[in-house]
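So the sequences go chain by chain: C and S.
Reading the first sequence from the start, the letters are residues 20 to 334 in our numbering.
Reading the second sequence from the start, the letters are residues -11 to 315 in our numbering.
Hint data in this document are derived by calculation from the structure and do not stem from the laboratory.
Backbone N, C-alpha and C define an ideal beta-carbon position, used for all residues, glycine too.
Be aware that one or more of the hints could be misleading.
[Claimed, not checked] Listed next, the stretches of chain S that the computed footprint assigns to chain C, with coverage defined by at least 3 CB atoms under 8 angstroms from CB atoms of chain C: (1) 159 to 165; (2) 200 to 210; (3) 213 to 223.
In case you want the letters, here they are:
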Amino acid sequence: MSLFDWFANRRKAEPISKERQEREIADGLWSKCSECSVLTYTKDLRANQMVCLDCGHHLRIYSDERVRQLIDPGTWKLLDEALQPVDALKFRDRKSYSDRLREMQDRTGLSDAVQTGLGQLEGLPLGLGVMDFRFMGGSMGSVVGEKLTRLIERSTRERLPVVIVCASGGARMQEGMLSLMQMAKISGALERHRESRLLYVPVLTHPTTGGVTASFAMLGDVILAEPKVTIGFAGRRVVEQTLREKLPDEFQTSEYLLAHGFVDAIVPRTQLKRTLAQLIRLHQPYPPSHFVHVPDSLSRHAMNPDYVSETNSAS
Amino acid sequence: MATSERRPLLLDFEKPLVELDARIAQIRELAEENEVDVSDQIQQLETRAMQLRQEIFSSLTPSQRLQVARHPRRPSTLDYIQAITDEWIELHGDRSTGIDDLALVGGIARLDGRPVVMFGHQKGRDTKDNVSRNFGMASPGGYRKAMRLMDHANRFGMPILTFIDTPGAHPGMEAERLGQGEAIAYNLREMFRLDVPIVCTVIGEGGSGGALGIGVGDRLLMFEHSVYTVASPEACAAILWKDAGKAPQAAEALKITATDLKGLGILDQILPEPIGGAHSDPLETAATLKTAFLDNLDQLSRLTPQQRRELRYQKFRNIGVFAEISA
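Work out the full structure: start from the sequences and follow the hints.
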């Protein structure tokens, strides 16, 4: 094939057919920005932490990816993986809660809507909880409440700062009052963590609403938010119904909360790890002691799987 | 608390009772006109009416209970405070938002000789009152007023008694702007810190986060026909069934009654109501509440502040149902 033919063939093949485009998006080779629709090579997008290279839109990411972005490789130790949700009320709307749970677990590979663990961030040990919006809208039921409470209690015992990445529609109605009470339970654990003069930083991501906003999302010593996420207590539609008028676009966004003094800073995802590390370092005792405090559970021998499962079943 | 002379507002399931009452009155009238002695018959009918009332009120469905809990004549926070305290001074404002929220009222009272701080959601008595009280839906100013009163109680060693009776926290633009979520969250955390005894009582409707915002205590009491719910059955039906008409099913599924919540380990004590509901005899209901307050405060005063805080923590720590499968 002559060079001329090669160019001719190439021209014929352009533009990439729609079908091929879709196939490649489906293959995950290319990703389309949900805001500006620009196609980006997924590898590049991933390297930019799923922030659109063109318009800066933060694409939705889930708990595994978030942990990868924040935690130093090889230092992440999951806690309380054995906790499983239960249909305590035998709740059934159009579908039974137990069926919904099974479906969600199959689809996401998660046991419930939060992952918790201990790890290091730029070498700084911390307790991290990451909510996962895929699992029933990140809603908070007994498992979310229990896992976060155990994470906070453990971090209090081991004198670790806590970071919780919030993404939730609020309480999980299928667990009725049990879910509402998780708000109090987690807040109680945070009170003890706070009393021990330890740092807690919630990171608000899209969306943070309802019972999560009315509890641990708003209880940070410092509160960070990703750009342009929805943060609020009452749902936008509910407020519109109450007022009988449309609300301004910027209502209940990170920028709105910053302007009204309810978040401390809006941090782009690409800067999040650095900012968290900076905050944690600023809250370390001064003058610094000669050695860095690494709790037993994070020391090298703790990564031995036997030891891990033993500590998981404790408390 | 004056028992109303006006005709009581009727709930649909009370209709058979009204019919029976009307028949009794009719017979009595006829008997008087014709000078016949029907006292036996009347007594029989009255006993039957009593039985029927008891039957109806002992087997209310969750959505019927919700109607009783929302009854416009159901005693409110201020009704109870007036009925059970020796003296009372209402305090206003949260010292920060610049508005006194009338949907959440509070102050200092003397209960059986002992100074206490009391506050709670306040629903209106009529439409006009309800507008100024915002139907008992508090705004951040209300929750911060409650917090200010709690700090006051803690400083002066006064027990705290909270009255829960709200459809929910106010879902408005102003409330959001002033940080509704933050105001509630702050109370949840700080109520674990307080040294003094805290007794919370659901006197009517316990609506979601707006109820919980003054609901973290050493004891949670609930009147027999009160309800406490994570989301209003109407909202829940609209979201999960995509049909607000399914509210009765949602009320059933959400497990909102006192008995259900006792079973789930959320509630400490169910307070009985007179047959016919709290509004049928507000004074008797208030007496029940007063006795329960005094009993609980008596028990709680025997503990040290540290013990109370620990027990309060454990009480909430233990709420939740899950499985733990060891791998």
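Whether chain C covers the region 213 to 223 of chain S (at least 3 residues having a Cβ closer than 8 angstroms to its Cβ atoms): holds (count 5)
Coverage assertion for the region 200 to 210 of chain S with respect to chain C, Cβ distance below 8 angstroms, three residues required: holds (count 4)
Verdict on chain C covering the region 159 to 165 of chain S, criterion of 3 CB contacts below 8 angstroms: Held - the region 159 to 165 of chain S has 6 residues with a Cβ nearer than 8 angstroms to chain C, which meets the minimum of three.
Violated hints for the displayed structure: none, as all numbered hints are satisfied.
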